[in-house]
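Based on these hints, arrange chain B on the given structure of chain A.
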Amino acid sequence: MGMGSDMYRQQILDHYKNPRNYGEMEDPTFSHVGENPSCGDTIKVDVRLEDDGETIEYVSFTGDGCAISQASASLLSEKLQGTTLDELESMDTDDVTEMLGVDISPMRIKCAVLARQVAQDGAKLHEGELDDLDRTVTEE
Amino acid sequence: MSTQESYPIDVDAIREDFPILQRKIGGDVTVPGPSEDDDTPLVYLDNGATSQTPDQVVDAIADYYRTYNSNVHRGIHHLSQEASVAYENAHDRVAEFIGANGREEVVFTKNTTESENLVAYAWGLNELGPEDSVVLTQMEHHASLVTWQQIGKKTGADVRFIRVDEEGRLDMDHARELVDDSTKMVSVVHVSNTLGTVNPVSELADLAHDHGAYIFVDGAQSVPNRPVDVQDIDADFFAFSGHKMCGPTGIGVLYGKEEILEEMEPYLYGGEMIRRVSYDDASWEDLPWKFEAGTPVIAQGIALHAAIDYLDDIGMEKIQRHEEQLVEYAYDELTAFDDVEIYGPPGDDRGGLVAFNLDGVHAHDLSSIVNDYGVAIRAGDHCTQPLHDTLGVAASARASFYLYNTHEEIDVLVDAVDEARQLFG
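So the protein sequences, as listed, match chains A and B.
Take the first sequence: its letter number 63 is residue 63 in the working numbering, and every next letter is one higher.
Take the second sequence: its letter number 364 is residue 364 in the working numbering, and every next letter is one higher.
Since the hints were made in silico from the structure, they are not lab data.
Remember, predicted model here, so these are calculated numbers, not experimental data.
Positions of the beta carbon are idealized from the N, C-alpha and C atoms, including for glycine.
Be a bit skeptical, because a hint or two may be false.
[As the list claims (entries may be wrong)] What follows is a set of in silico ranges between Cβ atoms, one per label pair, in the way DEER data are often shown:
#1 335(B) to 37(A): 23 to 33 Å
#2 65(B) to 128(A): 24 to 34 Å
#3 335(B) to 78(A): 31 to 41 Å
#4 9(A) to 408(B): 22 to 32 Å
#5 126(B) to 127(A): 46 to 56 Å
#6 37(A) to 390(B): 10 to 20 Å
#7 13(B) to 105(A): 29 to 39 Å
#8 105(A) to 76(B): 36 to 46 Å
#9 95(A) to 359(B): 28 to 38 Å
#10 332(B) to 128(A): 54 to 64 Å
#11 278(B) to 134(A): 51 to 61 Å
#12 392(B) to 95(A): 34 to 44 Å
#13 54(A) to 158(B): 50 to 60 Å
This is chain A alone, in the form it adopts within the complex (with noise of 0.2 Å):
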């Protein structure tokens, strides 16, 4: 057999044991929070902003659930550091499965794009785009 899994290669593992950038701020320009019902996924993530007001310095996140939920909002943090909102906001679903570098079967993808949706959306609070929303929930 031996397959291995192919959606559980070694840097979504890694990534999901030895989550990077793990923990809370203390100080983030923005924070948001995010769940996705199907796995029971939580994410949270916090981010400082330089004072441009534009680029990202740093991201970090918690959360609990599935490896790849984790393994992805890990892989986000590295990712956005030293990126602009703009880019943050420019990310669609198949940047996500780049990142992960595996296929993501169809009834796991709202696991990979949790991180990145509570990123987005934590960065349209705080730019005004969006009021009002406590908590994102995967609908993709």
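Here is chain B on its own, set in the frame of chain A:
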């Protein structure tokens, strides 16, 4: 690892009736059906969600549509008569299968959930008030739990839940505390779709009747795999679904004692269920048609008849014994891993399913990994969210067995779980 058990039924011959069990999986899931990219033999262990369909049942559906498709109880013409007789006979066959008195006590619905809602709306909304109570169990499926919870909100009736003990059994002392003279309905699951517990429904029926209450038994996980006699249980209502017992989707059954159904108002209005209609008023058709408004589930009802014939030919006692052998084996093999937790009673005292968690691995991850081995299991809350809250887990993985499953298939599952342990370990 594998033990060659002597099966009470001819599993090899049975598997021949289910071509889907021969298929491989693994190709593009957005295109339904087999493809060249499929490379892994299917091991179907998600029978609690839906069972596979034997050729005999597929043929019954095809035969109906190819040779006597017609609306029932409408036309005088030949085809309509053929279809009507077959559809009515299907009610008789169901009645015989579950020990009902006759077709008057057998209503065809869409599924168990609709059967539950039929009684909740047609009886509950009219009969319940703030001084009344409805007693459920902590292990109810959402079909019963959400339905009575919401009827409770509409009527003011108190909705109570019998506790589940450490071993996954109902706390009957608590049941005797909760069911009192305010209780009008006790709605219980016969075999838990999560814990596998086989509940003492006769005892609960006596308890309900001692207090003048009705009992509704959800038999979605019992009728498919064991002999059931609704009069032995003394159930007032009993519900199950066709698609979990080799039948098609789109058909459920509501059994009700004739004198109770007779008193109940219809749930859906329209054609088929009426006798005489004027602009001002209408009168109702006899049972069971009073509860089957509109064009009913004709093909599905006829196919359910074929499914019952199929199961009965094999024998329900034998099917039950086969499932019990499988579940005991799966229980023992899985609990041999010290990081696997199975919920519910021991392996030698449960229905044919195991819901479990592997420590440190989310049930959805586990399901994804075993899928790569061709194994279909369910992962999630199995429509028992409050029970999962009680168990202290967000989700679990569930393997559920049926008459065509083998010990070798359970070995594939166990190997796949072991692979997941090593990947995540």
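Each hint tested on the structure:
1. 335(B) to 37(A): 23 to 33 Å: holds (30 Å)
2. 65(B) to 128(A): 24 to 34 Å: violated (58 Å)
3. 335(B) to 78(A): 31 to 41 Å: The hinted range 31 to 41 Å holds for residue 335(B) and residue 78(A), with Cβ atoms some 40 Å apart.
4. 9(A) to 408(B): 22 to 32 Å: holds (29 Å)
5. 126(B) to 127(A): 46 to 56 Å: Cβ of residue 126(B) to Cβ of residue 127(A): about 54 Å, so the range 46 to 56 Å holds.
6. 37(A) to 390(B): 10 to 20 Å: Given range 10 to 20 Å: holds, Cβ gap about 19 Å.
7. 13(B) to 105(A): 29 to 39 Å: About 34 Å separates the Cβ atoms of residue 13(B) and residue 105(A), which means 29 to 39 Å holds.
8. 105(A) to 76(B): 36 to 46 Å: At roughly 53 Å between Cβ atoms, residue 76(B) and residue 105(A) fall outside 36 to 46 Å, so the hint is violated.
9. 95(A) to 359(B): 28 to 38 Å: Holds, at about 33 Å.
10. 332(B) to 128(A): 54 to 64 Å: holds (60 Å)
11. 278(B) to 134(A): 51 to 61 Å: Holds, since residue 278(B) and residue 134(A) (Cβ atoms, about 54 Å apart) stay within the stated range.
12. 392(B) to 95(A): 34 to 44 Å: holds (36 Å)
13. 54(A) to 158(B): 50 to 60 Å: holds (57 Å)
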